[in-house]
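Chain by chain, the residues run as shown.
There are 4 protein chains.
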Amino acid sequence: MRVNEMTKIALLGCGRIGQMHADNLMAHPKVELVGVFDIYTPASQEVADQHGVRVYASPDDVFADHEIDAVLIATATPTHADFIEAAVAADKAVLCEKPIDLNLDRVNICADRIVGCTRPIQLGFNRRFDPGHKAARQAMIDGEIGDLHQVIITSRDPDMPPRAYYESAGGMFRDMTIHDFDIARYMLGEEPTEVFATASRLIDKPMMDELDDYDTAMFVLTTDSGKQCHINNSRTAAYGYDQRIELLGETGMVISDNRTPHGVKRYSNKIAEAALPYEDFFIERYKQSFDAEIDSFVRAVASNEPVEASFEDGRQALRLAEAAYLSLKEKRAVGMAEIA
Amino acid sequence: MRVNEMTKIALLGCGRIGQMHADNLMAHPKVELVGVFDIYTPASQEVADQHGVRVYASPDDVFADHEIDAVLIATATPTHADFIEAAVAADKAVLCEKPIDLNLDRVNICADRIVGCTRPIQLGFNRRFDPGHKAARQAMIDGEIGDLHQVIITSRDPDMPPRAYYESAGGMFRDMTIHDFDIARYMLGEEPTEVFATASRLIDKPMMDELDDYDTAMFVLTTDSGKQCHINNSRTAAYGYDQRIELLGETGMVISDNRTPHGVKRYSNKIAEAALPYEDFFIERYKQSFDAEIDSFVRAVASNEPVEASFEDGRQALRLAEAAYLSLKEKRAVGMAEIA
Amino acid sequence: MRVNEMTKIALLGCGRIGQMHADNLMAHPKVELVGVFDIYTPASQEVADQHGVRVYASPDDVFADHEIDAVLIATATPTHADFIEAAVAADKAVLCEKPIDLNLDRVNICADRIVGCTRPIQLGFNRRFDPGHKAARQAMIDGEIGDLHQVIITSRDPDMPPRAYYESAGGMFRDMTIHDFDIARYMLGEEPTEVFATASRLIDKPMMDELDDYDTAMFVLTTDSGKQCHINNSRTAAYGYDQRIELLGETGMVISDNRTPHGVKRYSNKIAEAALPYEDFFIERYKQSFDAEIDSFVRAVASNEPVEASFEDGRQALRLAEAAYLSLKEKRAVGMAEIA
Amino acid sequence: MRVNEMTKIALLGCGRIGQMHADNLMAHPKVELVGVFDIYTPASQEVADQHGVRVYASPDDVFADHEIDAVLIATATPTHADFIEAAVAADKAVLCEKPIDLNLDRVNICADRIVGCTRPIQLGFNRRFDPGHKAARQAMIDGEIGDLHQVIITSRDPDMPPRAYYESAGGMFRDMTIHDFDIARYMLGEEPTEVFATASRLIDKPMMDELDDYDTAMFVLTTDSGKQCHINNSRTAAYGYDQRIELLGETGMVISDNRTPHGVKRYSNKIAEAALPYEDFFIERYKQSFDAEIDSFVRAVASNEPVEASFEDGRQALRLAEAAYLSLKEKRAVGMAEIA
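Protein chains in written order, with the working numbering: chain A, 1 to 340; chain B, 1 to 340; chain C, 1 to 340; chain D, 1 to 340.
Be aware that a few hints might be false.
Simulated restraints, written as ranges between beta carbons of each label pair [as the list claims (entries may be wrong)]:
| id | chain 1 | residue 1 | chain 2 | residue 2 | range |
| --- | --- | --- | --- | --- | --- |
| 1 | B | D209 | C | R106 | 41 to 47 angstroms |
| 2 | D | E32 | C | I39 | 30 to 36 angstroms |
| 3 | C | E190 | D | K30 | 48 to 54 angstroms |
| 4 | C | I39 | B | Q138 | 32 to 38 angstroms |
| 5 | C | R54 | D | E305 | 36 to 42 angstroms |
| 6 | D | Y40 | C | H66 | 54 to 60 angstroms |
| 7 | B | Q138 | C | D159 | 22 to 28 angstroms |
| 8 | D | E32 | C | R54 | 21 to 27 angstroms |
| 9 | A | G189 | D | D224 | 33 to 39 angstroms |
| 10 | B | D60 | C | K205 | 33 to 39 angstroms |
For the record, the hints were derived by calculation from the structure and aren't laboratory data.
In this text, all values refer to a predicted model and were calculated from it rather than measured experimentally.
Backbone N, C-alpha and C define an ideal beta-carbon position, used for all residues, glycine too.
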């Protein structure tokens, strides 16, 4: 494929995140969105109508379409591994939302089945593409802070998701923290070898009890060379979506800090320099990173260069989640060698 | 016209700002960009090819096109008044880049000629649409700072434009400060009645001497009720495009401050909390305001509601520039009643 | 005098500012506060008792005291010039609160009378000694911002002083702006040659009308080389004492910004990163500068080195105030050559 | 004792921290520093000379002095418990630098021996008195952030102490983290019941190996109700002494952030809004808290009110350090019930 050509993509899944991806695909100058599929036809019809593209009758129709180069998988989590395998079998490139699967065994099976695949498979770890996070990492790589010593990741959602969300999300560590586990690996530059986790039910204890899930958590990850990473998570932050990454090194520090919606600051007899609360949630906060994710994928498809967030990255993040659950249960640091 | 219909627009002028508008018009869901014109055909052809729209052979062809509802005028300044008049004669709505003309008499003639026009005529004072500036003004209107006492406008370009730019720009006050004069009026909420100006040649004195222009300036505007507004301008700011508006009131203050490209902050043995320099220039810094400007215009065309930046706003800003030049010459506060 | 010796100082004036100076003199390791005088004996007695020093019966007793090296004059303004002259006659060093006198003629006479004085005479322009302001100026001197182009001074009191204060203060420009005129000269590095001023009555118009004074003002000062300085003043700032200095140069900018009382920031669903209002007023905000002022004076007395804020600095600041009043009256830029 | 009377205090220990305390005691208006002792007589003589107070020949002389109300213990750690016991036996109030002892058994014995003591015993946890930290805690107590969920404590020294310091400091957790353990308890408002710790040798591995100590550490503390606290420590921070406390609650967040030495911000083509590195170390950074600590102690002595940092607080912080060492060794969360 020549770089100047358009990359032809089909979208599987037309829910909230799928709709966002449809918009982003349409806005990309090198992408042609060929068609969409959703198990709920009215949803796919609506997205298709909006963008003037075809509706596929089934996933099989998608994978059988010789016109398309790639699929973007934004369907329910239990379908991800199957669709990745089908796409690989049909020689399509894949951009798949995280997680690959909630079950690490299934992920490992999928990994075996796609061995030798020559087309790009990219995981939806959009935060890697955030300009601020990326610039922080680049500053570190450029030697601005010397050797890395500590990583502090603050990651808090603005508000509790609805109950139905929890029921299929697979638990806080696999659903929410998985992004932070990935960022931890991305920033540490070497694999975490031990994981400690603790979690609480502080925001809605009755619901969390009933669902056997958590709303507030802290983690410590360490590497063989002694680098340390702390993650803190909360399902609510009254002041908006809180996304901060701090890298402490031998000769300096770099922080990718929150940003306010615009530059207004208020002053009164009560406050000074008061900004607005942060962007409400990921679609607004990570708009640039979702765009850059598509762009990176398109370049990988066009050039067959390595993707910036791989299937293996998706598998490793899930392994960290598994280690964290074991740590939570046994109240100890869990070695990654204990995890399949 | 029903709100659901598309607004059909032709673009006159395919230079840098025209190309930006073409992109923004294309991205707007309620706009159909019908065609483009530029006196330099390769320029119009390139924009037309990029967006798949027609090339008009002449401005007359544009105004004669019964298909279009509106024109966006982004041609050279000397054509603005003629094109506004032609558009009004052809019953088209107009979005015209500032200034209307460099000559206030010509502007006044144009004003006479378009009296009674029933279609929206909007001036390209994009900064009114900036979310931060708008939120600052809204906070004031909402009573957050009580009565307004002082406005401080800091407005500095990142770097000197090329010499050719100056030759047709009409002088610093009419070209650069005109935006700040407009923002002063927008924020003061009443007409400035006296203007004081001073200007220097500090950045490139030889070129400024030769062109009889200035690169560094300060202004004080006052209103009959005693409100005060300071503007400072510079043609260079090493740290990027500097755009700040401060509103001091009886019970508080609100500032629309600069924003950095992303939230990275650096720390070393020399610095702490160091952000990146600001966005390089207006296309990046005011991206949201240019989008909102188009959106506001489209709503005005569709509903015939008043525009948010009118022909009269364009005329008043130019009157302030004229008063400022007289003040500079005579080293005194010039009453606006002295200006035609 | 050897550097190791104590400098023996008498204090004239035990009002609010005098009491503060008494505390600061006592705290200085190289100063011995010998005694105090106030026209209102209970005031001097109280300060004397607090610090265990003598009460002088009259100013003459102070100047006749052979034990003391220096006097700190913090009495009412109309006494300043007389006391400076008496101190010089008695061969005492002087640290005198600003202004020298409200009447420029009187200041000029005083200047003539003290010609040839060999002991340090320092004016109480404490802001020159503020660590932030000083560091900003030093950065400029060190070439960090290249040639200076613009100075922006924001200087707003937290609240209107009581009516009685205005009656003896000599008018806003001589009382309040005089500090900013001094800072303008300190930062510009060359004399302002033209002054433009405007002033309003926005906070308490009835009282200002009655007193023929102003509560809100703006100024523009220029130098022969084209450097520009803007000052804005307000007698109220709901968010605390607002003291900012901005230096724009060819290759950068340095700002001496406000500081909050401590580093607490608040976050809620309404605000983010909200600091406390600024320090209430000058005794708190400029604590470090008042201390450094004393220290600088003591070093000047001990070494006979030049003071950092001289009698001539006091005279020039008053000349700028006079020029500003003329500008306000005649609505024009006033050349400094017009002022005696 | 009446509140108006002076509190008479003797100082034991004239090293760096003792000298600082001597200065602060002298500056306090209600304190009379009666005399000083140091095992190294030239040190005590120097401090005595500087402040004009007596030198005690021995600790016994101090405790036998009927004139004094209280002792401030700033001697080497191994003497603390003995001196506390002696002071209590002599019916003196005590302000003792942390830690009480490096050995928890010794602390527990001391606790038994001073049971029934009626005079104030205050521990030198100065950070509790920092205006920013205190205001953050007060905001939480006032309900500004609702129920507390997470505490994040960032605590990093600017630079590695000299080797000799480590040899007697008792290990990073007992020497450095002990302040953070205390702040954790102070902010959590309930006792941590489980502790997880990890530590590395990243800054000077050879020296840390030799001394069996650490230079980089992370901790997670949890309470029975599920509140979580993270602490991160480093022995170097190139950008200065880094002291931040973040309190996340149900309805908001409050942060006690770092402060720069003054308000200067720099702007160039490389950086914007760049502050200076933070204050170098604790004597500068916590100046206000050391002053307030003395003030609080004096009020406790004068009124016999409870101290704000008690012997028991000192013991509990040491128990947390012990738990952290056990956690580090066994790589598990250690229950506080396991610690004596």
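Cross-check of the supplied hints:
1. Look at B/D209 against C/R106: about 44 angstroms separates their beta carbons, and that is inside 41 to 47 angstroms.
2. D/E32 and C/I39 have their C-beta atoms about 34 angstroms apart, which keeps the hinted 30 to 36 angstroms range intact.
3. Between C/E190 and D/K30 the C-beta distance comes to about 51 angstroms, which sits within the given range of 48 to 54 angstroms.
4. At about 54 angstroms, the CB distance of C/I39 to B/Q138 disagrees with the hint of 32 to 38 angstroms.
5. Range check, C/R54 to D/E305: about 38 angstroms between beta-carbon atoms, so the 36 to 42 angstroms window is met.
6. As the Cβ distance of D/Y40 to C/H66 is approximately 43 angstroms, the hint placing it in 54 to 60 angstroms is violated.
7. Take B/Q138 and C/D159: their Cβ atoms lie about 27 angstroms apart, and the range 22 to 28 angstroms holds.
8. Checked against the hint of 21 to 27 angstroms, the C-beta distance between D/E32 and C/R54 comes to roughly 23 angstroms, which is consistent with it.
9. A C-beta distance of roughly 38 angstroms is found between A/G189 and D/D224, which places it inside the suggested range of 33 to 39 angstroms.
10. Here the CB-CB span from B/D60 to C/K205 is close to 58 angstroms, at odds with the stated 33 to 39 angstroms.
Of the numbered hints stated above, those contradicted by the structure are hints 4, 6, 10, listed in ascending order.
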